[in-house]
Each structure stands twice: as C-alpha cells, then as structure tokens.
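Asker: Here are the chains, one letter per residue:
Number of protein chains: 4
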Amino acid sequence: MIKIAIIGASGYTGGELIRFLENHPHVEIVGVSSRQHVGKPVYKVHPNLRGSNLIFEDLNPNSIDADLVFTATPHGTSMKMVPALLKNGSKVIDLSGDYRFKDVSTYEKWYGLDHESPLNAVYGLPEIYREDIKKADLIANPGCFPTGAILATMPLSKEKIVDRIIIDSKTGVSGGGISPSESFHFPNISDNINPYKIINHRHMPEIQQELNEFSKVKVSFTPHLVPVIRGILTTSHSFSNEIDTNLNSGKLLKIYEKQYKDEPFVKVLELGEIPRLSSVRGSNFAHIGGFEIDETGRIVIISAIDNLVKGASGQAIHNMNLMFKFKEDEGIDNYGLHP
Amino acid sequence: MIKIAIIGASGYTGGELIRFLENHPHVEIVGVSSRQHVGKPVYKVHPNLRGSNLIFEDLNPNSIDADLVFTATPHGTSMKMVPALLKNGSKVIDLSGDYRFKDVSTYEKWYGLDHESPLNAVYGLPEIYREDIKKADLIANPGCFPTGAILATMPLSKEKIVDRIIIDSKTGVSGGGISPSESFHFPNISDNINPYKIINHRHMPEIQQELNEFSKVKVSFTPHLVPVIRGILTTSHSFSNEIDTNLNSGKLLKIYEKQYKDEPFVKVLELGEIPRLSSVRGSNFAHIGGFEIDETGRIVIISAIDNLVKGASGQAIHNMNLMFKFKEDEGIDNYGLHP
Amino acid sequence: MIKIAIIGASGYTGGELIRFLENHPHVEIVGVSSRQHVGKPVYKVHPNLRGSNLIFEDLNPNSIDADLVFTATPHGTSMKMVPALLKNGSKVIDLSGDYRFKDVSTYEKWYGLDHESPLNAVYGLPEIYREDIKKADLIANPGCFPTGAILATMPLSKEKIVDRIIIDSKTGVSGGGISPSESFHFPNISDNINPYKIINHRHMPEIQQELNEFSKVKVSFTPHLVPVIRGILTTSHSFSNEIDTNLNSGKLLKIYEKQYKDEPFVKVLELGEIPRLSSVRGSNFAHIGGFEIDETGRIVIISAIDNLVKGASGQAIHNMNLMFKFKEDEGIDNYGLHP
Amino acid sequence: MIKIAIIGASGYTGGELIRFLENHPHVEIVGVSSRQHVGKPVYKVHPNLRGSNLIFEDLNPNSIDADLVFTATPHGTSMKMVPALLKNGSKVIDLSGDYRFKDVSTYEKWYGLDHESPLNAVYGLPEIYREDIKKADLIANPGCFPTGAILATMPLSKEKIVDRIIIDSKTGVSGGGISPSESFHFPNISDNINPYKIINHRHMPEIQQELNEFSKVKVSFTPHLVPVIRGILTTSHSFSNEIDTNLNSGKLLKIYEKQYKDEPFVKVLELGEIPRLSSVRGSNFAHIGGFEIDETGRIVIISAIDNLVKGASGQAIHNMNLMFKFKEDEGIDNYGLHP
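Chains as they are written, first to last, in my numbering: chain A, 1 to 339; chain B, 1 to 339; chain C, 1 to 339; chain D, 1 to 339.
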C-alpha cells in the first residue's frame, strides 16, 4: 500500500486520477489538493465521485507525506512545486508540459515561459520508455495529442518508411479543461467543428521530439475541436519522397503488430477495421488501425484514445504501476463504454 | 467461481453484462449466445470489448451447463427458453419483460402476446425485494424506466403522501437497442427531442404495479427520446388532493434518506443538488434529488440512472451477487464517467 | 420602409433579429447597439451574418431616430431605456421580462428588482392579443417558455377543461444566452439532461398570468436543459378533478383546430403526429400535437418552438408586422431546418 | 415563372430543394416525385415543410411538363431518366454522380456501374463554370465533398503553388441520406468520430479531375463522419517539393481574395479567422480561411459549407438561377443559423 497525493485534483485529470485510484488495491490517497475548493468534498466538483469521502485540502508541497505525488497542475505551476516534492522524498508524475522537453529552450519558446527548475525527467510513454520509467523519480506524463500521434506514427519513423507526417487530430472538449470559456460554450461546439492553432499548437514540438528520436521526419499538426466530450481521433497522413513499391497494407500491419505485441494497452486492429472513439471511451486502451496506402503513396494510420485516460490520468497510473512494480494494468484494466 | 452463460449477448445489455462480468472475480463466462453472430468474436460487435476472447455461439437452452443464465433476449423470446433453463438446473435472470407482471393478463394486454409459460418470478429491484431475490431461482429484471421511476417515487407511495404521480422521463437512445431504425437515425435524434407513446408505453403498468404495492396512487407516464446515448432522467410530479401543510423539503429528504440509507447503489442528494446523467454514466448508481414542493402542492423528485447499467445489466449483476451471496457491489462498484 | 434600431444586438436574440430583418423588404436597420463591441462589424460576433455591413454602435436611447426600437437587453436594463425611447417618438418591442406583468409586484417578487418605470404594455402573443398589438406603442415580447406553454395549454384553460396544468419543458442551451458559464460548458451539457429551478423559475408566474385570464387553473412548471442548441419542447400534463367522460382525443383536436385555424404560425398536428424540435428549427412556427387522454384522465398536449425565433426574435418581428400593418408573415415565413 | 419538377423528392436533398423553391419568386413547383410515398403530403416526410400543399406523385420522365427538372435520384438511377427528360424539352440539373466525370471510364471504375447514357454535361460549380452553366441544358451538380475541397484548394492548383494536396474532411451525417443504417445509428455516431473509406472514397477522383484542370497535383482524400447533422469542414494540407520561400499568409490571402472577389456565395475570411460549420448552417455560403504555412512548408486552407445546401440543393438552385437568368442569389440569399 503506497501513499498518494494529488495536487490540482479539481480539474478533469484530477477527477480521473481519483476515479481510478479509489479502486486500485495497492494505493491509499492521503491528500487531494485544490486551493479553490478547500474544505469541499470532491463529489461537489466531480459529481460522479459521490460515495468518496475525500475532501479538498490546500497541501503544502514542502510537507506532503506521500510515496508518490501526481501534479495535475497547469503549465508553469508544476515547475514551482516539483523540486520541493522530490526533495521531500516523493516520486512525482507531472501531468503538465513542464518536464516533457529534452531541450528546455523548446519548452520556453512554445510555452512562452522561463523554466525555473529544469530537471531530468523520463517521458512517460511506456510503449517507448518502459525501462526508464521503472527507475524514474520524475515522470513527464505525455500530452494528450502526442500520445495519440506518437502511437500512431512512431513505427513509421522507426522503420524509416516515411519522411513527412501530417497529423490531423480531432479532440473532445474535455481536453480544454473544466473551466468554461467562449470556445467551449455548448452552442459554439455542438453540431460544429472548430479547427484551432492550425499550424502552431504546442503539442507539435512534443510529437516532433519523440518521432525524431527514431529518424528525421518532418511533422505537421492541426487540431480540431469536435462535439465530443472525451477522446482523440488522430488521422495521420504520411509519405516518403522515395516510394517503396514493395510496401503494402499487410506489411504495414505486421510492423505494427510486432511493435505492439506485448503492450497491454495498445490494440492493433485488423485490416478493414477502423478505430473509433467509442471503443476506448473511459478506458486506457489505444486502438490503432488503417494501414492503407493510396495511389499517391500516402499512408493512412488512425489511432483512437480517451484523452483523459490514455491521454492523461490512465497513462499516469500506468506509469505509477511501472514505478512501483505493480501489475501493469492494475486498476486501469476496465473496458471502455460502447455505446 | 460460478459458471455464467448469456443468451442474447449481441445486444447492448448483453455487451454490458460482458463488460462487467469479465472483471468480476467470482464468475467465469462459459458461453455467450447470439444466433446472428455465431463464430464471431464478441469484439466485432462490441468494439469496446477488444481484448476479450469470447466468441458468439448458438447455445441450446436445454443443455447449457451454467449456474446462472442471463437471458437478454427480446420480449416473447425469453418465455420460450426460461422453463428449459430452470429445468436444466440453472438459475435465471431474465432482462426482458416476460416475467415482470404479477398478473399475467396485464402482460398479455400491454405486450400483445399470449404468455406461453407463466412462472413465479421475483421482481429484481433489490431496494424492494432484496430478501426474496436472495432465495430466487428466477429473477425478472426490472425495466429501465420503471427502475428510475420506482426509486424516485416509491417512498411517496409508501408514506401515503400523494395520490397521483406524473412520470415525465427522458431516455438516451441506447434504450432502443442496437438495431438501427428511422427513430434512431442520427439526424432525427441529434439536436432534437422526441416524445413517444405519450400515454401508453408498456412500462407504465410495471411502474403502477410496484407503486400500488404500497398504496393506491394514480400513475401517468410519458417518455421522451433525447440526444443522449445512455441514461434516464426521471422527473416526477406528484400530488395529493389533501395537501399536508406540514410537509416540507426537509421532511421529504429525511424520508428518502431513511428509505435508502443502507442501499449501496442509491445516493440521496442534498437539498439544492440536482441529479444529472453524467454523474451516473456507465455506473450502477442511482442519484435521487429535488425534494421540492411548489405553491400548488406539487412535489418534484428527480432520479438519474444509466439505463444500460442500473436500468438493466448492472442491476442484473447486483441480483446475481445477492443470489450467490457475493459482496453486493462486487464487479459493479466503479464510478461513472463525468465528464 | 420603416427605420429600425436594435439595442442589445450582440446577444443571440439580437443576432436573430438582424438575420430576419436584413431580408425584410419593408425595413431598414439604422443602428445596432452593443456597448461591449462598439466599432466591430456584427459578423465578428455573429459569424453567420458575414456579408452584412452593420457595425455595432453605442446608441443613446434619447436620440435614436427610428420608427421602432427592439430592446434585446437584459431584465432590469430595458426599464431604464424604454421611457426615453417612447418619449423620443419610437415604438418599442421589449424582449426582456420588464413589461410582461400586469401586476408590477409580481415582477418585483420574481425578478428581485424594483421596477423604475412601470408602463402599460401589450403582451406580445399575437394568438391572444392580435388586435391590441396592432394599436400598441410598447410590446412586452413573451418569454420563451411561456410562448410554448401558453400556446400548448391556453385552449384547455379557455374551455375550462382542466383545473391543474403541469408544464415539463425541455430547452436548448441558446436560451441561456451567448455568455459562457459552468452551466453551459459543453462537457456539462452534452450527453446529459440538467433540470434546474425545478419549482421556482420566473417564467412560471408569466404562464400563470396568461392562463388565468381564461379560467382559474393551478400551474406548475419545471424546466430542463437538454443537449440541443435551439428549441423548446413543452410537455403539458393537465387534468381536472371532475373528469369529463365525454372528452376524447377527437374533441380535443377540434378545440385546438378551431382555436388556431387562422393563425399563420401555429400548426395543429393530426392525431398520432408528435411535435419535434427539428420541424421548427430556425423558423417562427409552433407545432402543437398530442391530444391524448390516459386512463387517469391526464391530458397530454405537446408543443415545439424555436426558442430564439417564435420564442423571441421571430415573434418580435411578427409583432412589428402587426404594428406597422405589414403582411403578418413578412420576412419570417421561411421553413425550419430538418434535418 | 418557370415550371419545376423534382424527381427523388423524398430524400434530404429533395426536401431542401422544396424548402428553398417554395419561397423563390420566379418558380412554380409542378410536381414532386417519390415512388415510395405516392399520395402522401410532403410534410409527412419532411416535417419542417408543414404548410406546403405539395403531394408526392410518381412522375413519368417521358411526360413531365416542366422547364426544369431536378433529379435528386441515386447514382445509377439518374442515367436512366435524364435522356428522356432532355428529349422531352426540359433542362435538367442532376444531383447524382452520373454526369460528373469527363471520362466515363473513371465513373465506371469508381461507381462500379456501366454508364447507360453518357452525355455532355456541365459541371455545376459556378465558381469555375459560370458561363458554361448559363448555356447548359444538363448540369452535373457537384458532390458535397468536392464542393468544399475544390473551393478550398483550386487557387493553389491554379497558381501552381503546390504539387500535393491532402484533403481531410469531416462531414455531418445528413450526407449519408435519409435512410437509417448501422453507420448512422445515433449511438454509433454521437460522441464519436468515424473515419471511413480512408483512401478510396469516390469523391476523390471528382476532386482530382477538377484540380487537375489547372495543374498536375497529387490528391489524397480521407473523410470522417462526425456527430453533426449538417456541414462539411474541409481541412486541406498542401505542399510543394520546391518550397517558395517568398510565399506567406498575406500573399495566399490575396490570391484567394482575388479569385473569389465577385462570388456571391464564397466568403474569404480574414487572417486569424477560422471557418466553422455554424457560420454556414442552412445557407448557401462557403467560408474559406486559414492561409497559414508551417515550418515544413505545409499550407493549411480550411473551408466550411452546408453539405445539403452549397454541397447539394442550394448550389443546384444557384445553377438554376444562372440557367434562367434570375438574380444569382434569388431564393438562396438567407443567412445561416448560428447558434
């Protein structure tokens, strides 16, 4: 039984951490922090959690007594807390963007912030960094779009099949967080599609960083808000200038099957099957499908994840399970909700 | 470890049974039946269940070797199988309407069918019939609308506070089943509200039967299809011709708290809180709130359930847990998905 | 050609006024006012109006040169402007609640405001007050819920068929206005149903006032937010303590057909047809149907309107057409959008 | 006043033709044909059209007395009727795919049909073929996806700026027609994104044909079903192997402004504005925006149309207005519905 604290527990990712962790057999939540809601039961903010006895506190990062702290705090806030948490003896899984970049200048450019406390962190995508995660004290939990995009295209980069990847992503609105705004006002989202940050979303350099670990590919990224609560559907369009005329769908499928055959949360679909959000809604699974090549040599690979689970809190718990040698899928092995 | 079979496993309630039962520690699914899909993996029909190894078969009711059989079959089909299943030594939880009525003539009138095999069954609403359920061989699992409506209004009937109850229900489309039809065509449902069977839905006599066990109340019922996948929000408007001027919200709340204080799946909200579907989405919880009385003496009580879980498969598993002396919430204690 | 000004033109009802008035052959929009957006083209706020040359101004009510001013301003703001506008020689159609009540104390009780400038206004529901509207200088445009509720139940009150009416309304989110808030945050509305102000919404006394003009009926009202952009579906449950056993659906239908036979915007459906929002989406039509009576004597009448059109701006233009002797349906005779 | 007949009037595009044509000052609808619904008032199928007196007939193509016939019939059906209609003296606007291809073998390959009656038709995209349309007897009304895609990318091909174009389209479900199916079952669409025919949709060769009229570009196309009733949002990702480093957003915008400056229905947005479906919902407008170029040289242009209006029936009426020398926007000049 390890002791867990969650800082920033009143946001959607905080709520999801509690949803899973309260049913996890090997952890005890010793504190959930939210300055805005101190003294309030968590179910007043997360109405699905009625039944939980947790109450929001204002935890001091210098004195939290926990084996592991999840920081589900905004970008720029995590960096102010993580050094103290580590010094205090806790391991940390940070769900913000603060520790995702190998080159701090990339972070500073895309996030528009000076980094106050750069540290070595492990990028918490188990499908690439499993062994490093097991030994890490600080995990930078991947962004939601990068999780879907990297899982969909990493084998193409690894096998040097393509030199250009266009990521066209469609995200549910929960990705924008729990705070209302004009962009997330129901009449602006429902029955509508809203592209945004069409060339300059800060998840682009994160995708680029990870794909370029394997080979040099040009990465382009355009996200769209869709009238969906949860989920990211990533459509990747990939090419090479030098078309390999021997490549076909069957070979592509084999590459993906081999890459992910031991992964508990990545499901490679059969030829002809297409990922869709409802297959993974509420679960930690990623579905990957497509594997088609058109007349122009474009390869289409599609992935579906739940942005709040595999794209955030579920993946964070997967990382926790690895760090503390629990069963990998402990507490996060539930199926999704279809319909 | 008990052996379970599911007949009619390719519908939505069948899919939900599998979703929960595959994670239940005390059961083993020995067969899932669907004539239409024989030989097909269940994940081809229920894409969220990818990872399951189950394959649809065409099970013969006369020779199923199971401790318990769930019949998630259409009305009129269950009655053809249940006698054989019982004779064969299995207990049965029937999710159709075939065994819900104490008076078979009510069934025959409202379902337009001759009943081929009337049997004594226990109405599987644990909040009323817990002790009978524990001893039963045949459970008639309640209808989705009745579950929401009875939980919301039974205390009013029991305490003889009202003599007339109007049930105005709003249901998600999954209640209509997995088969497409004009009524469930996306462009006809989205951004729309569709009332139907506004005075003569067959769940009305089921609600009436149960509420009249406690006192004589007139029951009216009107359902509406709303652009929601899962969930039933029931708004009850109740009155008495003789208004008790001493009654107030606080007293109403106390009555409900007392009624449901030991129930694992019924959550009585505080004054000022209102049930909503997202609080129970995907879970077996029922939320009940409102407890307000207007100037005319009308009492408003509102309940929210997931029609496929508390309104069908989750409740069926709750019944199973009672019949086999498992922990009541075993396998169905997960929280809902909000957002 | 009459001159029109719109105060409060940056809200949804302001946008709808412009949408219809720019295609109206007998009016010229001489000014659209919005303090917040002075100098901005209207299409920056109402993106569907791209092509319009109108620009938001900050109009002074004391000096607007217009034959008619629409005040699409919040409750409490209209009363500060209307006297000046009238004094200045304009006719006024007020879309707020400020002038809807015959008894100013009812307004003050339910709106929690002191009324600074009570005036005689005509309640702008053409189906009741057509002749008064033609002669009026000040119209109090009806509330959205009252429009749907009164059209659905007024004949029952007029014919003294019932003594109690329960209004269970389902409204699209645009009724809550253009400003974002937690209540209208997409993840809180989508795939959800949210009842609110379940006994004390301020549209209740407005409905009550109008229905009691015909006979003494008790009125109860409960609204629900549904995941729909536009539209109000009103389900009315009505009954009498003394049941008229001669009453039946056919007679009810005849009463409604007679009541509305000359109305350009009220469509009485046939027996067996049910109103739905998509039939009236974007149009000024009200559809009324149901006309069924259940075993307990409850009468069900259902209406569907677009809350922003028949429930607000379209009805306001209908009133304008009556006041200025234009064709009644001029500029607002378009059909709705189904699908 | 010209006489109009509509064959295939019971589908969505048929309904939209009636919605607009009944308010068009220069046309009279002399017949609406639907074999399935002979004798039924149109409002029984298109409930928004209540108020119309039209009744479905079974019109014989050999004897229709009309100046213009719209064939809103399925692919493969139009080719059986069009020769007779033309011989009979009517002009024809065909909304199917039967006459869209310059090379009949492309049609036969992609539609899997032998073409029974190849004829010279004008491709009815007024933004390219306005002058030809004015003189035509037979118009092949463009497909919905091609309309959005060609308007978004044609200037890039014309100016030879790119050599490869990826079209990633998101379509509302009404594009799939009025008939229910598993693909359009509400629980399969809502809160979901469904890619389909990810490399081989038959609108691809149609887009290719038109773009290659201007220069040789490789075209790729992937459509997605989104939980939206109406609308197509097209995201185009385009690039050249030889990057023009002088190109920038301002220059791109100028090219588009010049191309579309006299077009009544194409609105070129300003830099920083993004098209969205709600801006054009129910209207014949196309909005085009984006004009951004990322670090890799990828150009992003986005268009939004209503698939049933600009993508089908509205464009057909635009063509009619051109053919009969009416005002170009007569009857289709209404704004869209936002919200």
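Hint data in this document are derived by calculation from the structure and do not stem from the laboratory. Backbone N, C-alpha and C define an ideal beta-carbon position, used for all residues, glycine too. Do not take every clue at face value.
Unchecked claim - Simulated restraints on C-beta separations:
id: 1; chain 1: A; residue 1: Gln36; chain 2: B; residue 2: Asp137; range: 50 to 60 Å
id: 2; chain 1: C; residue 1: Ile243; chain 2: D; residue 2: Val38; range: 48 to 58 Å
id: 3; chain 1: A; residue 1: Asp58; chain 2: B; residue 2: Asp262; range: 26 to 36 Å
Asker: All hints are to be evaluated individually against the structure, with a verdict given for each.
Answerer: Each hint, compared with the structure:
no.: 1; hint: A:Gln36 - B:Asp137: 50 to 60 Å; in the structure: holds, 53 Å
no.: 2; hint: C:Ile243 - D:Val38: 48 to 58 Å; in the structure: violated, 43 Å
no.: 3; hint: A:Asp58 - B:Asp262: 26 to 36 Å; in the structure: holds, 35 Å
Comparing the model with each earlier hint shows a violation of hint 2 alone; every other hint is respected.
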